[in-house]
Amino acid sequence: MSALTTSLPRAAWLVLERDLRLAFRRWEQVTHPVVFFVMVATLFPLALSPEPSLLRTIAPGVVWVGALLSSLLALESLFRTDLEDGTLEQLTLSGQPLAWLLLSKTLAHWFLSGVPLVIAAPLVAVSLAAPGESIAVLMISLALGTGVLSFIGAVGAALTLGSRRGSVLLSLLVLPLAMPVLIFGSRATDQAMRGDLSNGPLWLLAAMLILAVTLAPLASAAAVRVSLE
Amino acid sequence: MAETDSPALEARDLHLWRGTKHVLRGLSFAATAGHLLHVRGPNGCGKTTLLRTLAGFLWPEEGALYWAGRPVNDDRDGYAADLAYLGHENAMKADLTALENLRYATNVRHATDRRTVEAVLERLGVHAQKDLPFRSLSAGQRRRVAMARVLLARARLWLLDEPFTNLDSAGVRELSSVVAEHARGGGIAILTAHSELDLPGAELRRLELV
Numbered sequence: 290m291s292a293l294t295t296s297l298p299r300a301a302w303l304v305l306e307r308d309l310r311l312a313f314r315r316w317e318q319v320t321h322p323v324v325f326f327v328m329v330a331t332l333f334p335l336a337l338s339p340e341p342s343l344l345r346t347i348a349p350g351v352v353w354v355g356a357l358l359s360s361l362l363a364l365e366s367l368f369r370t371d372l373e374d375g376t377l378e379q380l381t382l383s384g385q386p387l388a389w390l391l392l393s394k395t396l397a398h399w400f401l402s403g404v405p406l407v408i409a410a411p412l413v414a415v416s417l418a419a420p421g422e423s424i425a426v427l428m429i430s431l432a433l434g435t436g437v438l439s440f441i442g443a444v445g446a447a448l449t450l451g452s453r454r455g456s457v458l459l460s461l462l463v464l465p466l467a468m469p470v471l472i473f474g475s476r477a478t479d480q481a482m483r484g485d486l487s488n489g490p491l492w493l494l495a496a497m498l499i500l501a502v503t504l505a506p507l508a509s510a511a512a513v514r515v516s517l518e
Numbered sequence: 006m007a008e009t010d011s012p013a014l015e016a017r018d019l020h021l022w023r024g025t026k027h028v029l030r031g032l033s034f035a036a037t038a039g040h041l042l043h044v045r046g047p048n049g050c051g052k053t054t055l056l057r058t059l060a061g062f063l064w065p066e067e068g069a070l071y072w073a074g075r076p077v078n079d080d081r082d083g084y085a086a087d088l089a090y091l092g093h094e095n096a097m098k099a100d101l102t103a104l105e106n107l108r109y110a111t112n113v114r115h116a117t118d119r120r121t122v123e124a125v126l127e128r129l130g131v132h133a134q135k136d137l138p139f140r141s142l143s144a145g146q147r148r149r150v151a152m153a154r155v156l157l158a159r160a161r162l163w164l165l166d167e168p169f170t171n172l173d174s175a176g177v178r179e180l181s182s183v184v185a186e187h188a189r190g191g192g193i194a195i196l197t198a199h200s201e202l203d204l205p206g207a208e209l210r211r212l213e214l215v
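Sequence lines, in order, name chains X and P. Mind the numbering: the first sequence is residues 290 to 518 in the working numbering, read in order. Mind the numbering: the second sequence is residues 6 to 215 in the working numbering, read in order.
Rather than coming from a laboratory, the hints here were simulated on the basis of the structure. Errors might be hidden in some of the hints.
Claimed, not checked - Calculated Cβ distances over 10 angstroms to all of chain P for the following chain X residues: (1) Val304; (2) Thr320; (3) Ser366; (4) Leu390; (5) Ala425.
To be verified - Simulated restraints on C-beta separations: (6) P:Ala38 / X:Leu309: 36 to 44 angstroms; (7) X:Arg310 / P:His132: 17 to 25 angstroms; (8) X:Glu518 / P:Gly83: 18 to 26 angstroms; (9) X:Leu466 / P:Arg211: 46 to 54 angstroms; (10) P:Ser200 / X:Glu317: 36 to 44 angstroms; (11) P:Ser174 / X:Ser456: 29 to 37 angstroms.
No residue lacks a Cβ here, since even glycine has one placed at the ideal position from N, Cα and C.
Please construct the entire structure, taking both the sequences and the accompanying hints into account.
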């Protein structure tokens with residue numbers, strides 16, 4: 290009966306492929322967070338003053354606050370539609386480990402919400418008068434940081450599925466846990482802009498990513514099971 | 006696991022509360038290969054709750070559920086692999102086509118080629134709609150596609166919550182024959198339905214909830 294059971298990598302790939310395909314069918318949803326990110330970051334020079342030295346001082350903070358809020362914005366849709374149309378139930382009944390499938394789902398979410406921010410980062414950096422050498426560090430730190438935010442956020446999104454208006458609760462839940470990412474991410478960017486080595490905060494971000502990828506899916510799976518009750 | 010011992014679903018003394026309401030009050034039943042169990046009762050008596058409990062979404066406060074003689078909680082993923090559940094929602098993505106939906110839903114469980122999927126869609130009378138986005142199908146056609154997922158799951162135990170909603174009379178007949186065939190092939194089906202069921206050549210049992 291279960292002789293032809295799908296292997297774990299294949300199951301993960303199917304979940305990932307399905308979410309990416311869905312996202313390309315609903316393009317406007319995917320672009321919303323990245324447009325938000327670019328808007329926040331480019332409005333600052335207009336609102337403050339176009340003085341390069343001032344912009345350079347605030348750039349790390351602006352970029353990272355923008356990235357954090359933008360990834361919060363994208364989180365709400367992670368499991369919500371799947372809960373409403375019943376596909377989340379079917380995912381838990383697929384006979385595959387739920388945590389593994391959710392890891393793949395969260396990865397898809399990172400591709401759709403985090404990677405666009407990384408790609409848009411050079412544009413934002415230039416508009417904030419960041420020196421060209423720091424752009425690589427900014428992109429690496431954003432890639433690591435948005436990954437952590439996606440995985441931590443997935444736990445929050447799964448936990449708040451049960452409540453009708455979960456978005457405020459979700460922000461309250463996720464923001465404190467996201468603080469280390471904000472601190473070390475902007476620290477890495479700041480150091481790079483001053484021309485210093487930013488290995489320290491980058492390694493810390495990488496360590497946080499490993500921790501989040503390892504543990505968060507287990508917590509998400511438990512939370513999803515509770516939310517389906 | 007030995008293929009010879011026919012798997013059976015057994016509920017022993019299930020008690021379940023939803024808030025302050027005692028929905029399942031010491032429910033016990035057993036279903037073995039070839040059984041069709043028709044869960045009946047007035048609206049709000051807990052038919053969906055029972056099916057969701059059997060699917061493992063709800064945890065009974067007391068009592069236990071056994072599949073093939075082993076407690077379901079010992080191996081939930083193993084139990085889920087033997088189980089196909091059709092809920093109120095069709096569990097299909099509106100933006101994907103029927104074929105895509107079924108490809109993802111089925112292949113996560115086991116490898117299924119396109120021909121098999123198309124054959125099942127043909128059988129359920131929605132083959133012509135296979136490449137249309139799910140959102141553009143009628144309510145009855147959606148139900149048929151959702152039922153195709155159950156068929157493709159190759160599961161022993163079917164839990165069908167109101168499978169006949171939105172189906173026309175031809176659809177009800179076709180679906181009835183599919184369910185009856187599942188039972189004749191040694192499967193178990195537990196379903197809720199408001200109307201009387203006419204399932205040719207299958208032993209139908211009733212479970213009345215009050």
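Outcome of the hint check:
no.: 1; hint: Val304; in the structure: violated, 7 angstroms
no.: 2; hint: Thr320; in the structure: holds, 16 angstroms
no.: 3; hint: Ser366; in the structure: holds, 13 angstroms
no.: 4; hint: Leu390; in the structure: violated, 8 angstroms
no.: 5; hint: Ala425; in the structure: holds, 37 angstroms
no.: 6; hint: P:Ala38 / X:Leu309: 36 to 44 angstroms; in the structure: holds, 41 angstroms
no.: 7; hint: X:Arg310 / P:His132: 17 to 25 angstroms; in the structure: holds, 22 angstroms
no.: 8; hint: X:Glu518 / P:Gly83: 18 to 26 angstroms; in the structure: holds, 21 angstroms
no.: 9; hint: X:Leu466 / P:Arg211: 46 to 54 angstroms; in the structure: holds, 51 angstroms
no.: 10; hint: P:Ser200 / X:Glu317: 36 to 44 angstroms; in the structure: holds, 43 angstroms
no.: 11; hint: P:Ser174 / X:Ser456: 29 to 37 angstroms; in the structure: violated, 44 angstroms
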